[in-house]
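Novice: Single-letter residue listing:
2 protein chains.
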Amino acid sequence: MGWLCQTLIFMAVWCFVVHNGFTTPVTDNILITTPPTAKPPSKHEDSNCGYESCTKAKPGKLNVHLVPHTHNDVGWLKTVDQYYYGSKSSIQKAGVQYIIDSVLTELHHDPEKRFIYVETAFWWKWWMNQHDTIRHQVKKLVNNGQLEFISGGWSMNDEAVTNYQSIIDQLTWGFRKLNDTFGKCGQPHIGWQIDPFGHSREMASIFARMGFDGLFLGRLDYQDKMARFLTKTAEMVWQGSENLGKAAQLFTSVLYNNYAPPPGFCFDVLCDDEPFIDDKHSPDYNVDTLVSRFVDYVETQAIFYSTNNILLTMGGDFTYQEAHMWYKNLDKLIRYVNAQQSNNSTVNVFYSTPSCYVKAVHDVGQTWTTKQDDFFPYASDPHTYWTGFYTSRPTLKRFERVGNNFLQICKQLYSLTDLGPEDSVDLNKMREAMGIMQHHDAVTGTERQKVASDYARVLFEGFEECGIIAQAAINKLIANKKQSEVSRVDAVPIKSCLLLNISQCDILDYSNQFVVTVYNPLSHRVSHYVRVPVSGASYTVQDPTGKQLKIQLVPIPQPVIEIPGRVSPATMELVFYAKDLPPLGFRSYYISGSNHIHHTSKYKIHPGRDVILGNTKFNAVLDWETGSLKSMVLDRTKFSVSQDFYYYKGYIGDNKEFVNRSSGAYIFRPNGSEALSVSSTKKSSTYKGDLVDETHIKWSDWLSQVVRYYKEDTYHVEMEWLAGPIPVDDNVGKEIISRFKSDLLSDGLFYTDSNGREMLERKRNFRPTWSVNIKEPVSANYYPVTSRITLRDGDKEFSILTDRAQGGTSLNNGEVELMVHRRLLHDDAFGVSEALNETAFGHGLVAIGKHWLTGGNISSGTAAQRTRSLQQQVLLSPWLFFTPADNISFTEWVSHYKMEFSGLNQELPENVHILTLEPWKAHSFLLRLEHIYERNEHPVFSKPATVNLKNLFKPFSIVMARETTLGGNQWLSESHRFKWQSENDINFTLEDDEDSSKEDKDALTITLGPMQIRTFIIEVNFLQ
Amino acid sequence: MGWLCQTLIFMAVWCFVVHNGFTTPVTDNILITTPPTAKPPSKHEDSNCGYESCTKAKPGKLNVHLVPHTHNDVGWLKTVDQYYYGSKSSIQKAGVQYIIDSVLTELHHDPEKRFIYVETAFWWKWWMNQHDTIRHQVKKLVNNGQLEFISGGWSMNDEAVTNYQSIIDQLTWGFRKLNDTFGKCGQPHIGWQIDPFGHSREMASIFARMGFDGLFLGRLDYQDKMARFLTKTAEMVWQGSENLGKAAQLFTSVLYNNYAPPPGFCFDVLCDDEPFIDDKHSPDYNVDTLVSRFVDYVETQAIFYSTNNILLTMGGDFTYQEAHMWYKNLDKLIRYVNAQQSNNSTVNVFYSTPSCYVKAVHDVGQTWTTKQDDFFPYASDPHTYWTGFYTSRPTLKRFERVGNNFLQICKQLYSLTDLGPEDSVDLNKMREAMGIMQHHDAVTGTERQKVASDYARVLFEGFEECGIIAQAAINKLIANKKQSEVSRVDAVPIKSCLLLNISQCDILDYSNQFVVTVYNPLSHRVSHYVRVPVSGASYTVQDPTGKQLKIQLVPIPQPVIEIPGRVSPATMELVFYAKDLPPLGFRSYYISGSNHIHHTSKYKIHPGRDVILGNTKFNAVLDWETGSLKSMVLDRTKFSVSQDFYYYKGYIGDNKEFVNRSSGAYIFRPNGSEALSVSSTKKSSTYKGDLVDETHIKWSDWLSQVVRYYKEDTYHVEMEWLAGPIPVDDNVGKEIISRFKSDLLSDGLFYTDSNGREMLERKRNFRPTWSVNIKEPVSANYYPVTSRITLRDGDKEFSILTDRAQGGTSLNNGEVELMVHRRLLHDDAFGVSEALNETAFGHGLVAIGKHWLTGGNISSGTAAQRTRSLQQQVLLSPWLFFTPADNISFTEWVSHYKMEFSGLNQELPENVHILTLEPWKAHSFLLRLEHIYERNEHPVFSKPATVNLKNLFKPFSIVMARETTLGGNQWLSESHRFKWQSENDINFTLEDDEDSSKEDKDALTITLGPMQIRTFIIEVNFLQ
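Sequence lines, in order, name chains A and B. Under the working numbering, think of the first position of the first sequence as 3, with each following residue one higher. Under the working numbering, think of the first position of the second sequence as 3, with each following residue one higher.
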C-alpha cells in the first residue's frame, strides 16, 4: 500500500474522528522560568514546579500527554459574575467557583493528578474569597507542579480585534497577580489560545517576548489544518516578527481536536460519554472496548505528529465542575491502557501539562518548519469564515479602545503624581475591566446582548474609578499648594465626557464658562484640534497665557442630533487648536461664552466646481453636489479615489449543514458577492472656516458621513461615518461597508496591521502556506483591520486608519473596503443563539466612527511617518477633561491653578514612545519603551533609538531600572527560553536578547531596535 | 381576622409554595440504638453518632433542620449498574459512585456538615471498591454522626405490591452490611420512605419492630395531606398493627414538600436555581432576596407543623453528584439567615438529619394524634390515582414472588446442610437480587422496559446461584456417603424448571425417566398436587417406598401451548399427589415412562346440567356450556357467585393538565367507569379424573382460564387465568380484570391484606381519616391486593388469593375485581416516558397466573384456617427439583440416595412457622418464628403459641439463641425506642416488649402472640 493510499485512509479516519460539527481547532504553548517583582524573586527551595515536575516520556513508546483543563470564557452567554457563581444555569451550566474548588480537592488527594488553569480574572475572584488555610494548600499544589497556570492573562484574549497594548496589559496584569501569589511557580510558560477565532502573528511575538516556550492553538482554517496534518507540520517554529528576530519566534503546536477530548472520553458532568465500567460482572462492562477505542484514536492521532509525543486535551468549556468524575475515569483510563504494555502495547498514557508536552517535544531535538504569516482568516468549513466578528458590535469595540486610551492616561497620572499606595483598587478596576474586554467573546462582539451590556457596565465602572484617579491626580498637579495640603474636599471637579462622540457633554449643558484640560498621553508634543459640543452662540478660548485662540463653530450634523437617546441642547461644536500639547502632560484652556458671533458659514457651492479640502501638497477633492470623494493628493501626487457606502445582505440559512450557514455574530457570509449601494442620491453641505473644512454628506436617513480636513500640519482626511439604525423592515440583515475605489495598481496585494503594530501583506484569494480553495469569495478575503489597511502602488502608499477593529479587504485592485456596522436577524449557530441585532432606545443601534485617509511616499518615509504618527494619536488621543468655571474668571483660575504640566523633561525621539508607565509595587513603576517603526520603513526612524531614562521624568528620578520580559513578571536575565532548530532560521537577534551580560550594563541609557519594546521595573525617587 | 380566614390565607400560600406539578409528599423516620452481631456489639468509645451528635434546637426559635440527602433509585430509567457508574447520561444524569465520593469529600472538610444515605445496595457496591484508607475515613464520619444511614434497606422498598417477608429480608440484608461495616453507628434509626407511592401499615409495623423511632413519608393522597396540614396533624403516632400493640407504633411525619428543597433552593448541578451571590459589588448580588424568600418559606411551612422544629429536605433524585455546590451554598444560607438573628429574626437554621429532627420533636413532649389505617391509595390529583402499578408488569411481579419462594428454600437448605463458609457469595446474589426487586420502581413495574429486563436478568442470576446451592445441599442430604466424602464431581444434578408456569421443562424433554424432588419450605407437613409437563403417553410414579402413586394426565390448554416463545414437546401435564411432605424437607418421586395409557378423558357434558367441581361440603358450580362459575358452597353453605373477564379502556390524555392524565405504568385511569366484557361467547371443555377436575374456558384468542379442583382435602377452587397478547390494534390500551359477582351482602366493605399479613378493612368511596371527594370512581377504590381480597356477609367469608400483587376492589356489594394484566399505549408522565406496552417474541406479553377462591365461616375459624394455610402454601410453595434418571432404575436410585428428609424433628404448632432460617455469621444462623394468625381470627389458632427451639432442628442443636429486633441488627434488650404520648393510646404491649427482664429468661422456649414475629441469632451445633 503506497503512501498516498495510506494517507487517504488516515485522512478518512481523521475526518471521521475529528469532525464533530462545524468547528475546527488551534492552540498555543509558551513558557517562562523566573519570578517578577522588583525584588529578586524569592527562591522556593522546596518547590518542584516547572519542567522538573514533568512525568518523563518513555523512549520507544507513544507518549500520550493527558492534559486536564477547563475553558472558562470570561463572559459569553452569561456575564463574568454569572459564570463565576454558576448562576443562570438554565442559560448554561457553568460555575467557575465550583470548578476551582472541585479541581483543587482532587489535586490534593493525589499528587499524580495535574491541572492547568488559564483565566486569571476568574482565578483571582476565587482566590480573594479563600481562607489562608486554603491558600496555603493551593500554594503547595502550585509549587509541586500539579496546578500550573498557563497563558495566565486576565482572560484568553482575542487576537483579531485587539490592540497590542491591551493584550500586553491584560497578560501583564494576570501575571502580576500570579506572581504576587505564587512567585516563580506561578509564572506561565506556555500560550494557550485554544478558542480564539484565528491567530495573529503579533500574539506569537508577544508571547515569545514574554519568555514563553510554546503556544497551542485550537482553531485554524480547516484547509490549513488538513494540509498541516498531511505534512506533519501541525507543529512549527512561528517567526512572530519581521523585526525582532529570534526573540519573537515561538514553538507552536496545533491541537488535534480543538480543545476537546477524544470522542467518547469526555468524563464530565456536562457530557454524556460512558464512564469506565470495570465490574466484570456487570453486563455493561466496557473496559476492553474503551481501551481499544482509545488506543485506536491515539495511534491515529500520532500519525499526524512528528514526535513520539501527543497531547490530548481532556476538558472543554466550563468542564471540571465535578472534577472527580474526570479524574476517577482518567485514573482508570491510564491504568487500563498502560496495563496493555505488558501485552506489548506501545501506548504510554500519563497526566501531563502543555509545558511538559513542549519539554518532551523539545527534548526530541528535531528540526522544525517555520511560519512567517498569521492564521487569519479562520474558516471552519467552506462557507464559514469567521470574519464577521471583526466588525460585530462596533460601538462596544470602540468603547473598549477608548478604555485603553483612558486607562493609559489613568496609569500615567497615577504614576506621575505618586498618588497613593500600590495596588490601588481604583486603578485595578479599570485594569481588570480592560482585561475582561480583551476576552475572545467580549471585544469580539460574539457574546449575548445582556452580556455585552454587562461588559459595558463593567468598563463604565472602570472609567468612573479612573475618573476619580484622574481628578485627584490633576488636582495635585494644578494645585499651587503643596501636595500634602490638597484634600479631596478642595478638589476641583475634573470630569470626562464619554459621549463626545455624539457631541454630548452634560457638564457643559448648564455651564457657559468652563475649563478644558487636554491631556496628552504620548511622549511627544502633539497638536490637537479640540472639539466641544456647545449650545451657545459664541465663545472665547484662552490658553494659559490668556491669549485668545482662534475658534470655529461647526454645526453638528442633523443625523447626530437625531440619534435616539442623545439628550443635549448642543447644536454646534466649538473647535480650537491645542498646539504642541506637552508630552505626558496637559494644558488647560479657559472657555467662556461671548456675544461675538462666530458661526461657520455654510460654504457656497459653485455648481460644477469640485470642493477641495486641503492644500496643494495634501488634499482631497470632492464632488460639488454629492460630496463624493473623487481624488486625493499625497505628497503632491494625485491619484483618483472615490468612496461610497454599500451593504451586503446577510445570508440566511438554517445552519443545519455547512452550506446553510447564516451570517451572524461570528460569521460574515454575504448573500451573493455583490455589495449593494446604500443610495445613489446623496446630499451634501460643506462648511469652511479658519480651522477646519468639512463636508456633511447624507446617503439616507440612517447613513451619513462628514469629510473633514483640519488645516494646520495635517496629512490626513478624516471621515466620520454614521451608520444606523440599519433598516431591517425587509427582514434582511445588512452589513455595511465603506468602499474606496482608486486607480492604484495594487496587484492583488494589500496590507493590514497585526494588533496595531507590524503590517502583514495580504494577497487576494491566496494563502502563503497552502493552496487555498475558496467558496466564499468575499468573506474569505476579509482580514482583521485593527488599526490600518494599506494599498501600495510603486512608491505610493495609501492607508485608511480606523478608530476600532473592523473587517476589511481589497476585492479588486485599487480597492479597499471596511465593514463599519452590521445588523443581522439570524444566529450563526455557534452557541450564542441570538441574532446580532443590536438596538438602543427602541431603535437599531447607531454607530459613529472615524476613518482617516493618509499616505505618502514609501521610500522617503513620509507614508510611514504620517501613518505611524497618526496611529499613535488615534490610539492614545489627547483626552479632554472638563471643569465648570461659571463662578471663576480666567484671572482667578490662572492665579489658583497651574494650567500646564509635562511629565517629561524632554520629548522622546520621534521613533520611540513610552508604551507603559504604571504604578507597580511599593516605590516601583512598570515602564515600557517602544520603538514604533518597523525595519526599513523610514530612512531615519527605522534605525535604533537610544533613550536615557535617568532624567526623563519630571516628577521623579529613576533610581534603579531592571529589565524584565515583556510581561513584567520575570527578570530578562533570568529568562532562558528553549532553543529550537528550524529549517528556515532567522539570522539576527535583538541586542538585549540572548545576551548574558545584559545585567552588567544596566545603565539607564537604553537602545531600542525597530518594533522593540523594552520593559523595566523602575524604582523612583519623587522630587518635592 | 378569624381562624378560618387565617387558615385560608395560609392554605393559599401553601398551595402556591408547595404545588409545583402533579406530585405530593410523604416521609418516614425511625431509629435504633445498638449493634447487631452474634457477638455483643463492640463499643465505639470514641464515637459520637446517634442523637448525641445532633445540633441542639434553640428554644424560642423556629429551628430549621436542613437535611442534605440524595434519593438514589435502585433502578428506574437506568439499570442499577448504570445508575451506579453514571453511564447512559443521556437518559438521566445520575452517577451514584460520584455522589458518594463527592459527599464524603465534603463531609471530611467540615465536621458541621451532615448527610444521610439510604440505599445500601448502592452503598455496598461503592464500599467494595474502596481502599482501606478511604474506609477508615468513612468510619470516622459515621462514628461522629456526620454520615448517617437511614432506612438502610438494600433498596427503598415499595409498600403496595411487596410481601412482608421480602421487605424484612431486604431491610435485614441492608442492616447486616451496615452492621458489619460500621457497627452500632451504622444502625439506621429512622424510616425514610420518601418516594414510594403510598404507604402500608405493615411497613410502619415492621419499622417499629426493627427498633425505629420515626418514619418520614413523601407521598400521600393530596386531600389527606391538605387536611393534615390544615389540622396540624401531618405528624402522628401511627399504630402499625391491630395485633402488636405499642410495639408496632411509630412516630410518623409527612414531609412538607415531598422530598424536594424549597423552590429556589436546589443548589444541585441538576437544578437551575440561583446560587448565593454575595459579592456586594456584583449587579447580581442576591443575598438579601434569597434570605427573605427563605424566611418566608420556612415561616409558612412552620404554620402547618405543631412544634418549633421543621425539616427541609435539601436534595432530590440523584442529587449531590457535585456535593460541593450544595454545601457551599447551604453554608452561606445558614450564615446569612442566622445572621438575621441579630435583627431579631427567630429563624435558626442548621445542618441536621431526620433522626435529629425526630429527637428534637420528641423532646418537645407533646401529645400526638394517632392513625390506624394506611395511606392507600395514593392520589396526587383528582384524576391521578397511583393504582395502576398494583398490577403493572404482572409477570415480573410473579417472578419476584417466585424469587422469594426459592430464596427461602435456598437459605433453609444452606443452613440445614451447614454448606459452607458464612456469607457465601452464591447466596448473597439472590439475597441482593431480591433486595433490588423490592425497590419502588422494580416490582412495581414502573421502570423502563430495558430496566425491567435487567431486573429479570439479575433475578435470574440469583436463581442460578441458588440453584447451585440447592443442588449442593440436596446432594449432601441424599448422599449415603458421609458428608465429607461428597464432592461436587459426584453431584447428582438437581435442577429447577422456571418455566413450569407455561408447562415447559427442558430437562424433561429428553428424559423419559426422572426423579422429582419436592421440597417443602413450610414448618408443617404439606400435601401438594405435583404437575409435570410431559410428552409421553403414560408414566409410573413411585414414592420412596416404591409404591406406585395414582397419576392423571391432563391436557395442557391450547392457549398455553401457543404462547409465543414456548418451546416444548409437552402437551400434557402429569399430576400426582405428594401427600404430607415433611416440614423443611423433601421427598423424591421416581417417575418413568410406561406403556399403560393414563389419559384423562374429556368429561362428557350433559347439556343443561351444571358441572360441579368439588364435593358437598365445598364446591364450585359451573355452567355446562360456557364453564361460567355460577355458585359455590363453602362449609355446606351455598352462595351465588359468577366470574367473568372485562377490560377497562385506558384513558388517553396529553398529561398537560391533571384532567388530561393518561392511564400508565403508575396510574390506573379508565376511560369511563364501565368495564367492557371481553367476550360473550365463551367455550369450555371439562376434564375429570381421579386427582383433579378441571374446566378449560376460552373467552378469546388472548383470554382463557382453567378452573380446577383437586380432590383431596381441598377447600379452594383454583383459577388459572391466561391473558395476552392483549390486542391493541384499535389503538386503545386495555386493562384486564377478573370480576366476581356474588349475592354476598358486603355492605360496601371489603378487606385487603397489608403486605400479605394483617387484613385492613376497606370501604367503598370512603377514607377513614378525612371526608374524601372522588372524581375517579373506579381507580379511587382500587387497593393493593398483595395476596388476598375478602368479602364478608354475616358469618360468611369469601376470599380470593392471588399469586402476586394485583390491584383490586369491590365496586358493588358482593363484587370483587382483580386486575390481572394491562397493556397501555401512552405514558402517564411521571418520568418513565414509555408506554407500559410489554411485548415478548414480537407479541404483546402473555401473563398467566392463579386465583384461589376459598372461604368459610368466620366464627368457627374455618375461613381463617383455610385462608391462612393456603396463603402460606402460595407464598412458600413446595418446590420441584428434577433429576434425569434415564440410566438408573428405581432400585438403584433408592439404594444410592436417600429420598426423604425433614429439617425438623417435629412440625411446629399450626399457627406458627419458621419465617426465616438463614446462615448468618460464623456458626450462627438467623431464625425468625412467626405467628401467622391475627387476634380473634380463629378460636384456637389466634391464641399465643409456644415453641421450644432446643431440639427443633434435625441436623443441628441450638446452643444459644439471643433475641434481636426484627432486623437482626440489634439485641432486643438493647433496643430502647422513644416513648410517644398519643391521644388514643394502645392499652397492650407484647410480652417480649418493654420488658427489661427478657434477657434473663432466654430459655429456648418461646411464646408468640398473634402476628408476632420473633427474631433470634442462634448458635448451632451440627450433629454428625
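Errors might be hidden in some of the hints.
[As the list claims (entries may be wrong)] Distance ranges between label pairs, derived from CB positions:
1. 298(B) - 560(A): 33 to 41 Å
2. 466(A) - 298(B): 29 to 37 Å
3. 287(A) - 58(B): 46 to 54 Å
4. 466(A) - 384(B): 53 to 61 Å
5. 344(A) - 132(B): 51 to 59 Å
Everything labelled a hint here was simulated from the structure, so no lab data went into it. The beta-carbon is built from N, C-alpha and C at its ideal position, and this holds for glycine as well.
Novice: Determine for every hint whether it applies to the structure shown.
Specialist: Evaluation of the provided hints:
1. 298(B) - 560(A): 33 to 41 Å: violated, 55 Å
2. 466(A) - 298(B): 29 to 37 Å: holds, 36 Å
3. 287(A) - 58(B): 46 to 54 Å: holds, 49 Å
4. 466(A) - 384(B): 53 to 61 Å: Roughly 58 Å apart at Cβ, these two residues keep to the hinted range, so it holds.
5. 344(A) - 132(B): 51 to 59 Å: About 26 Å separates the Cβ atoms of residue 344(A) and residue 132(B), which means 51 to 59 Å is violated.
In summary, the numbered hints that this structure violates are 1, 5.
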